[in-house]
Amino acid sequence: MNIARGDGVGIEVSDAFVRAVRLRHDVAGRVAAAVELPFVSYDDGAALDSLVLLRAELGEPNEPTKIAVFPPTATLQRIDVTGRSGPELNETRATLDRRRGIDSTLVVDDGPRRWLLLIRWDASDIRRLEDLAERAGFVDVTVEPSPLALGRVLPRSTSYARRLVGHADAHHAVFSNGVPVAAAGASIVGRTHPDLDVSDVEIPVVWFEDLLDEAQLNDLLIRSSRSADARASLLEHEERHGSQQVSLGIVGEAYPAFPVHDIRAPERQAVALGAAIGAAGLAGSLRPVDMTFPVGIDAQQFDRPWAIERLVDLPEPPAPPTIGPVKRMTTRFRPRRSRR
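Here the sequence shown is numbered in full-length UniProt numbering, starting from 1 and rising by one per residue.
Bear in mind the hints are in silico, worked out from the structure with no lab data behind them. A hint or two may mislead.
Here are the simulated distance ranges between beta carbons [claimed, not checked]:
(1) Asn-177 / Gly-281: 16 to 22 Å
(2) Gly-111 / Asp-219: 26 to 32 Å
(3) Glu-134 / Ile-263: 23 to 29 Å
(4) Asp-80 / Arg-128: 28 to 34 Å
(5) Asp-200 / Asp-80: 22 to 28 Å
(6) Thr-92 / Pro-318: 56 to 62 Å
(7) Gly-101 / Gly-59: 36 to 42 Å
(8) Pro-288 / Leu-53: 25 to 31 Å
(9) Asn-90 / Pro-318: 47 to 53 Å
(10) Arg-128 / Ser-187: 25 to 31 Å
Positions of the beta carbon are idealized from the N, C-alpha and C atoms, including for glycine.
Could you put the whole structure together from the sequences, leaning on the hints where they help?
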């Protein structure tokens, strides 16, 4: 099968559900398939079975795959790294890992500015998820935070979005020009899922310029959510419901507003759709998430005992002479003592 630009698979993973979208350049509307299946994240066998079934339902694609995930305990923020060289970025990553415990980063370009997204999550779980997807048959698997995927399908005017993934599983993020500025887990008491809240309320991005700890980051995101909810209530009171409908786009083309019960509904597949757009190379960064690995030797990598054996049974070579060629030559011209 020939793979062209515009072909890709996007997967959204949570503790209880896995949703996926397959894009094809030769299909009207680009969406070739959409799937939603139950998922058990803590059981490798059950998770692998779900991913194998997911790939079969998608038509066994061979296109690149992006997985979008953002656990409830994860956080994301950014720092400005415009003008920094590769070695300087590596030094910054090492410092963040050593002092802040942030071992996952991603470079994102935003016009003339360059940002380094700082992601707090369990890197071992992320690598495990990537390995399971590859074992299930998916090709060129990469993992990215869900807010990054979501930003590819939201209007560029979006300043705040809240993603309701499943029961007790939600996150919210502040955006600027389609790039996430900050993100963390959110409370969804009394809300149905899956769903997506979007707002263009004005949020001062300057709040998130400094490197924040988790408590400060959550406080600022809660303030942002209150501003977005207040604006939503105002629009609802003014009967401007059209401004609150979920409106997604695929590279400038409007995504159809399928009903909520449809498996292709934007409320269901928003994140998976954004991940598929990234996998297809249509928009967004092509760089993978950089993870800083601890330096050391893993005892499990030696899966068998080692032994040193003699390969040949030949006599040892003679020892080299103790007198070198230069000394041997000069010795010939030395005057000899006369013997009496």
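* Would you say the C-beta atoms of Asp-200 and Asp-80 sit inside 22 to 28 Å of each other? -> holds (24 Å)
* To do: With 56 to 62 Å as the target window, see if Thr-92 and Pro-318 comply at their CB atoms.
  => Since Thr-92 and Pro-318 have Cβ atoms about 58 Å apart, the given range 56 to 62 Å holds.
* Just tell me: holds or violated, for the beta carbon distance of Gly-101 and Gly-59 against 36 to 42 Å? => holds (41 Å)
* Asked: If you check the beta carbons of Arg-128 and Ser-187, does the distance land in 25 to 31 Å?
  -> holds (27 Å)
* Taking the beta carbons of Pro-288 and Leu-53, is their distance inside 25 to 31 Å? -> holds (26 Å)
* Verdict for Asn-90, Pro-318 (Cβ pair) under range 47 to 53 Å -> holds (51 Å)
* May I ask you to test the hint 26 to 32 Å on the CB atoms belonging to Gly-111 and Asp-219? => Holds: the Cβ-Cβ distance is about 29 Å, inside 26 to 32 Å.
* Honestly, do Asp-80 and Arg-128 meet the 28 to 34 Å range at C-beta? -> At 32 Å between Cβs, range holds.
* To do: Using the beta carbons of Asn-177 and Gly-281, state whether their distance is inside 16 to 22 Å or not.
  => holds (20 Å)
* Okay, Glu-134 versus Ile-263 on CB: inside 23 to 29 Å? -> For Glu-134 and Ile-263 the Cβ distance comes to about 25 Å; the hint holds.
The structure meets every hint from the earlier list without exception.
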